[in-house]
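Chemist: Sequence:
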Amino acid sequence: MKLRIYGVGCANCEILEKNTKEAVKELGIEAEIEKIDDIDAILESGITALPALAIEGEIKVMGRIASKEEIKNLLS
35 MKLRIYGVGC ANCEILEKNT KEAVKELGIE AEIEKIDDID AILESGITAL PALAIEGEIK
95 VMGRIASKEE IKNLLS
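Each residue of the sequence shown is one higher than the one before, starting from 35 at the first, in the working numbering.
In case anyone wonders, no lab produced these hints; they're calculated from the structure.
Any given hint might turn out to be false.
[To be verified] Computed spacing ranges between beta-carbons, pair by pair:
no.	residue 1	residue 2	range
1	I67	G97	15 to 25 Å
2	I93	K55	10 to 20 Å
3	I67	R98	24 to 34 Å
4	T82	G62	16 to 26 Å
5	R98	L77	26 to 36 Å
6	G97	E68	15 to 25 Å
7	D74	S110	15 to 25 Å
8	E90	G62	17 to 27 Å
9	E103	D74	29 to 39 Å
10	E90	K59	29 to 39 Å
11	I73	I99	14 to 24 Å
12	N107	D74	28 to 38 Å
Here a beta-carbon is modelled for each residue, glycine too, at the ideal position from N, C-alpha and C.
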């Protein structure tokens, strides 16, 4: 499974990354987590608000912090 976290290093972006990593670990799934912080790549992806999380190329969360439980639900 491929996950992408979009953010530019803000506190909310770091929290989303932490929650995502914890959710993956708790579910015991294999996932490649890529952090995208290049503003041009973010804009090309259609992201209009940060932080954002994409799962398998589909944006699932944008402009807010998803809880670990929400991310676990999105992954299962």
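Chemist: Regarding G97 and E68, is the given constraint of 15 to 25 Å on their beta-carbon distance met?
Modeler: 19 Å, holds
Chemist: Starting from the hint 29 to 39 Å, judge whether the C-beta atoms of E90 and K59 obey it.
Modeler: Since the Cβ atoms of E90 and K59 sit about 19 Å apart, the hinted range of 29 to 39 Å is violated.
Chemist: Using the C-beta atoms of T82 and G62, is the stated range 16 to 26 Å upheld?
Modeler: At roughly 33 Å between Cβ atoms, G62 and T82 fall outside 16 to 26 Å, so the hint is violated.
Chemist: For I73 and I99, compare the CB-CB distance with the range 14 to 24 Å and indicate the outcome.
Modeler: At 20 Å between Cβs, range holds.
Chemist: Can you tell me whether the CB distance of I67 to R98 sits inside 24 to 34 Å?
Modeler: 19 Å, violated
Chemist: Between I67 and G97, does the C-beta distance stay in 15 to 25 Å?
Modeler: 20 Å, holds
Chemist: Starting from the range 10 to 20 Å, see whether the pair I93 and K55 falls in it by beta-carbon distance.
Modeler: 19 Å, holds
Chemist: Hint says 26 to 36 Å; check whether the CB-CB distance for R98 and L77 agrees.
Modeler: 19 Å, violated
Chemist: Does the beta carbon distance between D74 and S110 stay inside 15 to 25 Å, or does it fall outside?
Modeler: Since D74 and S110 have Cβ atoms about 33 Å apart, the given range 15 to 25 Å is violated.
Chemist: Within 28 to 38 Å or not, the Cβ separation of N107 and D74?
Modeler: Roughly 31 Å apart at Cβ, these two residues keep to the hinted range, so it holds.
Chemist: With respect to the beta-carbon atoms only, verify the hint that E103 and D74 lie 29 to 39 Å apart.
Modeler: 33 Å, holds
Chemist: Between E90 and G62, is the Cβ distance one that fits in 17 to 27 Å?
Modeler: Holds - the Cβ-Cβ distance for E90 and G62, about 18 Å, lies within 17 to 27 Å.
Checked against the numbered hints above, the structure breaks hints 3, 4, 5, 7, 10 and satisfies the rest.
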